[in-house]
Amino acid sequence: MTRSKQRALQWTRKAAEKGHTKSCEQIAQWMYAYRPYAREVGRVGEAAAAGVATSAGVMGGHDVPPDVLIGVLHWLRTGGFDLVVVLDEFRTMELEGHNYCGNNGCEVVGHLNDFKVCPQCKTVRYCATRVRNRTGRRVDIS
Numbered sequence: 021m022t023r024s025k026q027r028a029l030q031w032t033r034k035a036a037e038k039g040h041t042k043s044c045e046q047i048a049q050w051m052y053a054y055r056p057y058a059r060e061v062g063r064v065g066e067a068a069a070a071g072v073a074t075s076a077g078v079m080g081g082h083d084v085p086p087d088v089l090i091g092v093l094h095w096l097r098t099g100g101f102d103l104v105v106v107l108d109e110f111r112t113m114e115l116e117g118h119n120y121c122g123n124n125g126c127e128v129v130g131h132l133n134d135f136k137v138c139p140q141c142k143t144v145r146y147c148a149t150r151v152r153n154r155t156g157r158r159v160d161i162s
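Take the position in the sequence shown, starting the count at 1, then add 20; the result is the number in the numbering used here.
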């Protein structure tokens, strides 16, 4: 992971700690989707984990390690989300896939690893090997 992405994720965590809703959801989603550095940065301490009371219904059916799931629940609760609904959305995205393509109007659905990363910005993902960047120039993604 590049240094700029690490720094961006650390800033996202700081915003989430202050209760920024979108940042809480972003960290929780990245942790759930198995992004190793997000799991490292998003990990919560034992004190925060003790504050996450979970039921078997919420914890069951996920292919995520329990300590990671506790971190995901912590961030979702900090952001004020309905845990059952959001976790169900995360599970659906992992099982069925999601539209990760950065092209406007593209409706290709798949898993995150199926989409190629843009070689210029290294953040946007695309479904095709030839796409147009923001300026309209064609970019080859290999």
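Keep in mind that the hints were calculated from the coordinates and are not lab data. Incorrect hints may have been included.
Simulated DEER-style distance windows between Cβ atoms [what the hints assert, rightly or not]:
1) 128 to 65: 36 to 46 Å
2) 65 to 130: 16 to 26 Å
3) 123 to 65: 35 to 45 Å
When the alpha-carbon atoms are kept at most 27 Å apart in a straight line, the in silico DSS-like pairs for lysine-lysine are as follows [said to hold, decoys possible]:
4) 25 to 38
5) 25 to 42
6) 38 to 136
7) 25 to 136
Ideal Cβ positions, reconstructed from N, Cα and C, are used throughout, including at glycine.
Hint numbers contradicted by this structure
Violated: hints 2, 6.
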